[in-house]
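Protein sequences appear in the order of chains Y and V.
Take the first sequence: its letter number 250 is residue 250 in the working numbering, and every next letter is one higher.
Take the second sequence: its letter number 454 is residue 454 in the working numbering, and every next letter is one higher.
Some clues are possibly wrong.
The calculated label-pair distances, taken between Cβ atoms and stated as ranges, are [said to hold, decoys possible]:
{"no.": "1", "chain 1": "Y", "residue 1": "GLY343", "chain 2": "V", "residue 2": "ARG199", "range": "42 to 50 Å"}
{"no.": "2", "chain 1": "V", "residue 1": "LEU404", "chain 2": "Y", "residue 2": "ASP199", "range": "52 to 60 Å"}
{"no.": "3", "chain 1": "V", "residue 1": "VAL436", "chain 2": "Y", "residue 2": "ARG135", "range": "52 to 60 Å"}
{"no.": "4", "chain 1": "V", "residue 1": "GLY200", "chain 2": "Y", "residue 2": "ARG135", "range": "51 to 59 Å"}
{"no.": "5", "chain 1": "V", "residue 1": "LEU404", "chain 2": "Y", "residue 2": "SER38", "range": "31 to 39 Å"}
{"no.": "6", "chain 1": "V", "residue 1": "ARG26", "chain 2": "Y", "residue 2": "ASP15", "range": "27 to 35 Å"}
{"no.": "7", "chain 1": "V", "residue 1": "GLU191", "chain 2": "Y", "residue 2": "SER266", "range": "49 to 57 Å"}
{"no.": "8", "chain 1": "V", "residue 1": "GLY378", "chain 2": "Y", "residue 2": "ASP199", "range": "25 to 33 Å"}
Simulated from the structure, these hints should not be mistaken for lab results.
Predicted, not measured: the structure shown is a model, and the values here were computed from it.
Yeah, the Cβ is synthetic: ideal placement off N, Cα and C, and Gly gets one too.
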Amino acid sequence: MADINLSRITKCFGDYRAVNQVSLDIADGEFVALLGPSGCGKTTLLRLLAGFEEPDHGQISLGGQIMASPENNIMVSPEDRNLGIVFQSYALWPHMTVARNVGYPLEVRGLSRADQDRKIAEALDIVALGPYADRSPSELSGGQRQRVALARCLVMEPRAVLLDEPLANLDVHLRETMQQAFLDFHRRTGATMIYVTHDQAEAMAMADRIAVMDKGHIRQMAAPETLYREPADLMVAGFVGAGAVLPVQGVTVGSNGNCSVQLGQSSIKARICPKLADGLTTANAGLCLRPEDVWVTDDAPLRGQVDDCVYLGGRFRLSVRIGADQTLPVYANRRARIGDQVGLQVNDGWVFDRMSGEAA
Amino acid sequence: MQATGRLRGVLPGIIAKPNGNRSSDRLLIWLVVPVFIISILPILRLGFEGVMVGGVPSFDYFHDVLGNSSTWRATANSLYTAGLGTIISLLIGGAFAFLVALTDIRAKAALVFCFMIPMMIPPQITALSWVQLTGPSSALLNAIGMAPPLGSPQPLYSAEGIALLLGIQHASIVFLTLRANLRMLPREQIEAARLAGARGGRLWWQIILPLTSPGLIAGTAMAFVTALGNFGIPAMLGIPAGYQTLPTLIYQKLAGFGPSVLGEVSVLAMLIGAIAICGVALHHRLLSKRDYRLMGMVGRPLDVKLGARRGLVETALWTVLVAILVIPLLALFTTALVPAFGVKLTFANATFEAFHEVMFVQPSTIRAFQNSFVLSVGAAVTLVLMCLPLAYVMVRRPSNLTKLINLLVEVPYALPGVVLAIACILLFIRIPLIDVSLYGTLAIIFVAYLARFLVIALRPVMNSFTQLDPALEEAAQACGAGLSRRLRDILLPLAAPSAAAGALLVFLTAFNELTVSALLWSAGNETLGVLIFNLDDSGDTVLASAVAVLVVLVVIALMSCFQLAARRLPKGVVPWQT
């Protein structure tokens, strides 16, 4: 096990900067998710870590050892990094049995037959696939195959386990079971895990910290709840969680990170990003409202018109239009007719700089 | 991640070190040298010969050859026979492809298998069997009392006869490309057209035909270029009638005057190469205007219920097959059974004497079998061993260099075999630097086979590496396995079926090959193709037929092995199962 440091990593494909000046520190034993839309550079970042790609600039180190540093002409090949990797496509070798798949890293390391067998059995037990040792991978289900891939990582006692959208090929029901399997694996082994996904629910459910990526940059790296409650910029606010970002004027900064803003005719109490509170201008301030922050009450001063109503099971999600072109998603207990006028009471909100990060 | 994958596909040359993996870069250099020597050097050497007269650059050979009327007559004949033959291929192959791919006729597998046999049978055997079928000396027609009177002309000894057999020989090329295209046709596109109200003829002319035009164009171009380079058929049918095409003209010049005419021959070879390249270029030009990326679920695009007409259509298809395959082979077989050429075959005088003669008595036959066997097995094994690492580097570490190789390996296969043979003679008659001559040995045929069939062995292996998930290899890499270890443990076992298929294809093609060896053989170094040609040429038609029957049996046996193994092989490896 080891901590991982990336410093100002850049990787270009032709003119396209897939990863741009990314710095990242991951502590030993941490579970970090790289989250972002497709094409954001998250898989490239993972492949840089694994050594399948060589960075153009910057430095990658693992437990204090430099793995890649083009400036110093250092590039440790993937086979010498001792990292486990789990692929979206499982990458099990179809011509080997489950046991040989799992034992291959040990075979390469030249362990004795008896040691190999013992470790294979242990690893298969951890992922609850003991009885399947002699099967061929093609006889297993998708979830079982992914567990074999996990066991293959486990036997080599890697410094970290990299997971590249491992659940993307599985159906919804299996995903939750597998999420639990990954979490159990993480708790039992204490391995550093880096998990690439475009599914925010997956990232939030598992990760200690999430790095949100977009266009080759890390936009924000924080614990899931921070990311949700206090997005650093417009991209993160829009990508993580439901809700809306409304441009607001008349921000009055209070104490302890609180403030009040003017929305239509009403004044709203909200939390404010310290950077903005200390900053000079609030001209580009945006108010991030999550659906649970807003209640539908008939007598609230903020009024809006129902544009849409969707039943989610247990509650309704309304799209309420306030002003000319601003729509808020809110939850309601009762069905509303499209066109109804409703009152909205805003209990919480997050004010940040809408233009932050756009220049980069 | 999808974006990087796309980019890697678009910009392979720009990404200099896609993986920072230096051992595979070294591997590439070791592979490029032999590929260059066997594929490109002979062709360059040939071009050199045509523009040098007595060591000085000169266009004298061009003047001589292009000023000679026989050159232009042969060119016109080549274009006529290849053109007419291509039309026949298009009609037969096109009809089979559409009917097999889009209708509900039965026994498709058997139909396709039988339809592929003409392509796999060497052209000189096709020619021999058709000559045995028609004409006054036909053993088959004589046996059933339908032979034309003695002295009447052999109808196949004519331009149209050559074209007909070229057409039949290459119909399967059109069939294969067109069927591959039809298989890629998404069902939704046809369904959308039908929902829009298109039916019957309109559906065919406005939707299906335009969508399949890339396949039709590609198939036509390939059939034309192959027909242009064909030597066996015009040699067997044209030479007796004094009708010359470019390949036979080259052969006759070389056979008649020996190596002194190499300069002229080089110019002739360039001429035929130029026509072939024009054909390929035209094909690319036509295709580039038709970028019909077909999107959607690939399935059976149409399943036209023929209803009451199904029996009729099936009868028609099988009748065509019987006419172009069974009857000629039957004629060949009956000729092999007669005690002497021209004798009427009866049950009483039928004899396997000719088979006994060629298999156990004549040393040249046994030698030719041995030579062809050694050459084709040797070529198959060598090529597969070369192709596994080559295909790996080409698929996994694409660069400008590998793209160039990808084009270069096509050249010796696309050029007519005669051209390649001459090029090899020129280069290996006295190898520069070490002053060794390969001419007059089996080795020169072997090298020419390596050049000609490299692409046949390479494509299936490349195909299987392309289909292989890169993660399979990366997973092994993460497990600590180095390049050689990965090649041995992961890549070889997974590519083995395609490599075997490639080897079998090379074997099949090389075993019967005539065009290349026709110019390269020497006494004691005959191949089967040469043997049949020479036996027939010297009047031993019965023996030639017997050898031909044996060859056909070997071909069909090998194809059956393929058919049986098809289910275990990756898609696209067995040529007639796209």
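- Item | Non-conforming hints, listed in increasing numerical order | 1, 2, 8
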